[in-house]
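Q: Here are the chains, one letter per residue:
Protein chains: 2
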Amino acid sequence: MKIYCQKDVLLNSVNTVSKAVSNRTTLPILECILLTATPTVFKLTGNDLELGIESTVAAVVEQSGNIALEAKIFSEIVRRLPDQEVEICVDEQNITTIKCANSEFRIMGQPGSEFPALPEVEKLQEFILPQAELRNMIRQTIFSVALDETKPILTGELMEIKQGALHMVAVDGYRVSFKKIDLSIENENLKAVVPGKTLNEISKILSSEEENVSLYFADKHILFDLGGSIVVSRLLDGEFLKYEQIFSKDYETKIQVDRRSLLMSIERAALISRENKKNPIKVQLVNDKMIITSNTELGTAHEELTVEMEGKDLTIAFNPKYLIDVLKVIEDDQVCILFTSSLSPCIIKHLTEDIYKYLILPIRLNT
Amino acid sequence: MKIYCQKDVLLNSVNTVSKAVSNRTTLPILECILLTATPTVFKLTGNDLELGIESTVAAVVEQSGNIALEAKIFSEIVRRLPDQEVEICVDEQNITTIKCANSEFRIMGQPGSEFPALPEVEKLQEFILPQAELRNMIRQTIFSVALDETKPILTGELMEIKQGALHMVAVDGYRVSFKKIDLSIENENLKAVVPGKTLNEISKILSSEEENVSLYFADKHILFDLGGSIVVSRLLDGEFLKYEQIFSKDYETKIQVDRRSLLMSIERAALISRENKKNPIKVQLVNDKMIITSNTELGTAHEELTVEMEGKDLTIAFNPKYLIDVLKVIEDDQVCILFTSSLSPCIIKHLTEDIYKYLILPIRLNT
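First to last, the protein sequences are chains F and B.
Each residue of the first sequence is one higher than the one before, counting from 69 in our numbering.
Each residue of the second sequence is one higher than the one before, counting from 69 in our numbering.
Certain hints may be false.
Unchecked claim - Here chain F is said to cover these stretches of chain B; the calculated rule only asks that three of the stretch's residues, wherever they fall, bring their Cβ under 8 Å from a Cβ of chain F:
#, region
1, 144-158
2, 172-178
3, 332-338
Keep in mind that the hints were calculated from the coordinates and are not lab data.
Yeah, the Cβ is synthetic: ideal placement off N, Cα and C, and Gly gets one too.
Let the sequences and hints guide you as you build the complete structure.
A: Here it is as structure tokens:
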């Protein structure tokens, strides 16, 4: 194999496929990046068997071939090369020479044939949305993916195409996060539960520019086509929580509140609890006032906010982290919160539309 | 005690004195910040018994008094308060109320009388230099302070006033870093060995603006007066290394080289060595060329640089980290390097003046 390419485009692709390189594995080949050169294309691949990423690099291919290079050393070398043309050349003993300006490296590679191929995903139907939108959907839901493996299906997020929209839902034992975006498509019905880890890695390579991503659903996999890069992820098996019913439209108390002020008040009140201890904060709704208090062995905090309130007075308590997680990712200035009773979940949502909804379980107060 | 001040100036002082608050100690009072209000001044103090910092806060004092508040919770509360006026009020049971806009905190304090006072330092003679200069001197030498405690004196830096200049010198077993700045003063002779930890913390609070710092030397302590803040540090006991003789002016080979190019070449060559292993890099000087090579089980690196060379050809090997540390902190485009033999230290210095000098021991090459 022998190719020439520019350092910056090479580095870009190395950074992209590195997201799918395994850090610690019993199969050392998975710690490598595969370089593949054909007469028409030069590409890099990372694959930890759960997540695979392939990225094309603009290059002149003088000789086809492939090689698997240890990702850590290869990416460090590329990162530090001068911003000039890079030559990569592999001999028959898999010794790989990397030249750039007055620098020359020789490292040992492994035969590309030992690297596991990405799963084939049949591109049956394409769903297109802006990369920035998908990144936002992930950011606004991923925090409530379950971290423990008690119910493996909940360590992933539901991605569902229905009623002309993409729905994303994440659930752990204490909260549900829901986000929707219209896709201007015909009525389709498709579902996939994508591992949280995959979504975390993908969101790092999704562009914030005006580029699109295409989604393809298959039985065992989902494929994201980002243009220059392709991401293929294994799906989780099993039935996801039926989330539609739990977002009740009934409420006893409804408030509209300034999101940033509420976030800052809760963050302050949460200071009066040691890390690792789940001291609840108490929320009182009375006379268009929201009074947030916290009381621990460290001291007390008292916060007051003016809100627009409809319905009954109410006292309820929450783990402040769950409220903070939600209020941090919403971008609107004002949010609506629905309450039913001290023992029922609250729902944080958009003032008028059903584009995001967050359900949070309360903590029972000692009376 | 009862005072009023602005949140931003309070936070500034909290951040400053926090540098001297102990993180883990058997004496819990040292994890506190002392607040002291007199009719004329409101100030904060942190003191871990090695390093003490005092910072004045512009405030209205309604009632004098003092209180020691746990630094972690107090600083977190202050950081998150709205940008408005803060009221701090302490009652007779040491319960401290912090109010700001619609937020109110109550936390338990400890009597200020239990907090250890800063050592008194007699201000005999003042040495003034710009804060940015002192910060730079620390940055350019601190990395070669000894980390192990075999010779405790070397865990500090020598600060020496002599020949109208301030000299700073740091030495571990493998290298010496020297930096000098003229003070336009009469001939004085003063010495102090200041703990590396103190210098690290001070450099974080030294301003990069055009403010001055005054230094006062005492028998057991050194005092830095930064205007709004005062830093007092214990000194290390013992005799510092006599560093003057080891910077020989003789050489067999002298080169002038572009600092950034050299730094980048060494950083690349160093990639071909696993972290934690001290694989040397080999430097060959021949015909106005500097050839840097590295050869480990990972592979090989080969770098070439053009240099201005005077004297004999030479081959020598170094721990690349020691060269990188020095080349990173120098700000000049070109540096001069003197060599005597493959087994003698090299000296990296300014092209013409004696304002900084770095000595680095080589590694014996297996031949």
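Q: None of the hints should be skipped; say for each whether it holds.
A: Against the structure, the hints:
{"no.": "1", "hint": "144-158", "result": "holds (count 5)"}
{"no.": "2", "hint": "172-178", "result": "holds (count 5)"}
{"no.": "3", "hint": "332-338", "result": "holds (count 4)"}
Of the hints listed earlier, there is not a single one the structure fails to meet.
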